[in-house]
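**Student:** In order, the protein sequence lines correspond to chains V and D. Note that the first sequence covers residues 8 to 371 in the numbering used here. Note that the second sequence covers residues 8 to 371 in the numbering used here.
No wet-lab data here; the hints were simulated from the structure. It is possible that part of the hints are untrue.
Under 8 Å between C-beta atoms, here's a sample of chain V residues computed to sit facing chain D [to be verified]:
hint, residue
1, Val-28
2, Tyr-60
3, Asn-86
4, Ala-110
5, Val-115
6, Ser-116
7, Gly-124
8, Arg-128
9, Ser-141
10, Asp-142
11, Arg-192
12, Val-224
13, Thr-225
14, Leu-227
15, Met-260
Every residue, glycine too, gets a C-beta built ideally from N, C-alpha and C.
2 protein chains.
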Amino acid sequence: MVRRSATGRIGIADVAVKAGVSHATVSRVMNGNYTVDPDIAARVRAAAVELKYQPNPVGRSLALGKTDTIGIVVPDLANPTFQAILRGLSRAAAQDGYRVLIADSFEVSSEEAILAGEARRRCDGLVLCAPRMSDAELEEIAPSLHPLVLINRTTTAADIPSLVVDYGQGVEALAEHLAELGHTRLAFLAGPAGSASNGLRLEGLAAFKAGHPQVEVTMLDGGSDFDTGHEAVDAVLASGATGILAFNDLVAMGLMSGLHERGVDVPGDISVTGFDDIPFARYTTPTLTTAAVPIAELGAKAWQQLRALIRHEDHEAPGSRYQPRLEIRASSGPAPANPVPSNPVPSNPAPSNPAPIPVPAPSR
Amino acid sequence: MVRRSATGRIGIADVAVKAGVSHATVSRVMNGNYTVDPDIAARVRAAAVELKYQPNPVGRSLALGKTDTIGIVVPDLANPTFQAILRGLSRAAAQDGYRVLIADSFEVSSEEAILAGEARRRCDGLVLCAPRMSDAELEEIAPSLHPLVLINRTTTAADIPSLVVDYGQGVEALAEHLAELGHTRLAFLAGPAGSASNGLRLEGLAAFKAGHPQVEVTMLDGGSDFDTGHEAVDAVLASGATGILAFNDLVAMGLMSGLHERGVDVPGDISVTGFDDIPFARYTTPTLTTAAVPIAELGAKAWQQLRALIRHEDHEAPGSRYQPRLEIRASSGPAPANPVPSNPVPSNPAPSNPAPIPVPAPSR
DNA sequence: GCGAACTGAGAAAACGCTTTCTCACTCCGG
DNA sequence: CCGGAGTGAGAAAGCGTTTTCTCAGTTCGC
């Protein structure tokens, strides 16, 4: 006959009664405190097993002041990038006995701060992906979130590691790659307007333009998903560009699908590049040239930083910058002799070859 | 000067002191108990705002006996299907003020039971996706997990809703579709051996075979990811089949990519079908014929069932069965006049047309 | 104007655990 | 044989809330 406490679950008290000892002793045994007489310890363990006793984590958390749980705030769980970060984080944290609580803001940036605060209070630390949050708001809330790691954002507050991907360098490398292939008219299919990582990409593009005055770069509005890319086909064709830098792989895939429907050959007529190197990028037709971000590694790294903070270790480098690696596949090729055959674009006679450009190693 | 309790965070006691009232009154105000004098309530609220007081959820959980958190156990967070379930679940739960704790078992089925138990104890309820767990083990642990919803598994225990996708019916419909197109040699690229949903697919296939004795169906070993499909190219070609039923969309994509590399035309030479209708299925080349599972809806439904259990409502139907919808796209086409041009397969003279088959509506 | 019904807020008891404090008991040396 | 050190386990005090219990102070009816 199993006694049951008020909540209906078996508690430490039940075990104590069964083993004929006090609560305290049961706790000591369960936590491997060796000041307990082996005989008594055995009796307690037997009672615990018989009653299938499992300590209540909430009580434990309250007493210990820790939850063994970390939180992650993401803007959109549908995005493969955040899925990968979550996965890397979850796996790494699990190895140290931590669980992950997710908070999806569903792209509603006004929710992010509240969500982050709530999540943080339930957890021992937080990983924050909030690309749309304003710098001001980020600065304001960051300190209150303290064991905190930022993804693709930075703050002036001390003790807050940032893991940021160098999107600028990545886009620059992709543009460079297209320029080497002879493309002189490029278009950038931008991401969401307020996005921090889109800003970084624009900076990279600016740097590229500075070094390649002969290359024309058109800016096109966009977004971050398939549909954005698919809907951008008209704008892309109208631009007359032969090399398209899509905001990310999803957009690139949507675009390639749309171009395919129009009978435009990739990379024969138009070259397309993505960004992120999501797993699917290897399996598109043609396979997608992109900039690879070591994204799962990023999740793991986020955990390492967070763990150091939680354990009050002297965390080595308070943040890291990730250099994307150019992943040249089949969606990018030489510029066509006479560009885009579709819309009535003022077809300026393609300069047969651009100024020679130093050739970088395929992957840096 | 803000007082700080032992943990360094502001607690209810600080607010009580500042407002010159007792803990109890602060609690009453924070919880909207209207038996408090409006003046005092205002004073408390002012103090709370000034101190930026936020109730500690752990203490709250202990007192209330609930965590406002649910858990989900998934075998592999890299799988788009589980990602989608997670997303649907998370979104639906968030709307009711619940958070989601994830537990990824990383395909280690021996971990699933422990993981599930741990997750359950921290949460008010659990959604369990454990395709590899043995029936015996499932039966054993299910009751102890009680507010529990199963995905793609069933149990005899009462009060445990199951949401199961009728994979059998889906595969049967896909096979039927290929048969209608004139394919008489099919191959099934199976999923992981112990997987419950693979079992359901095999049942569907058996039903199909019973109704179509003239169609030959080869079984090929497989798995559940891209690489599986990619590596299966040789086996697929060797089988001589012209219609391939891949375990899921991922496998189908890997296979199509491999076939493309070999110069095999899809669907000209070989038709390929997937399963799940992940978002990417619309954007492959050719677009993928598949069986659509309303997967995000499934996540939402899981929350509804769980919520009913948590609230002790009379949950209507204790479980649901989802019928996949045939999604015919470009990867399936008429059987070629003379099958697979590659390997030296005993090419039996293709029967020009199979027995006439009643044509079902494109989507049921 | 006095007792009964009410109102509103503080004291204290949960919730389930960990950990410090305390003390009975054993063992040893002098 | 007695006192001090050492050992091991129970009592009790947290951890931060909510909620019941209790009671002082008001208000109302007769």
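**Student:** Are the hints correct? Go through all of them and say.
**Tutor:** Against the structure, the hints:
1. Val-28: Status violated, d = 23 Å.
2. Tyr-60: 11 Å, violated
3. Asn-86: 10 Å, violated
4. Ala-110: 7 Å, holds
5. Val-115: 11 Å, violated
6. Ser-116: Violated - the Cβ of Ser-116 of chain V stays beyond 8 Å from chain D, reaching only about 15 Å at its closest.
7. Gly-124: 7 Å, holds
8. Arg-128: Since the shortest Cβ distance to chain D is 5 Å, the answer is holds.
9. Ser-141: 20 Å, violated
10. Asp-142: 21 Å, violated
11. Arg-192: Since the shortest Cβ distance to chain D is 25 Å, the answer is violated.
12. Val-224: Val-224 of chain V check fails; min Cβ-Cβ to chain D is 26 Å, beyond 8 Å.
13. Thr-225: 24 Å, violated
14. Leu-227: 19 Å, violated
15. Met-260: Hint on Met-260 of chain V: holds, closest Cβ of chain D at ~5 Å, below 8 Å.
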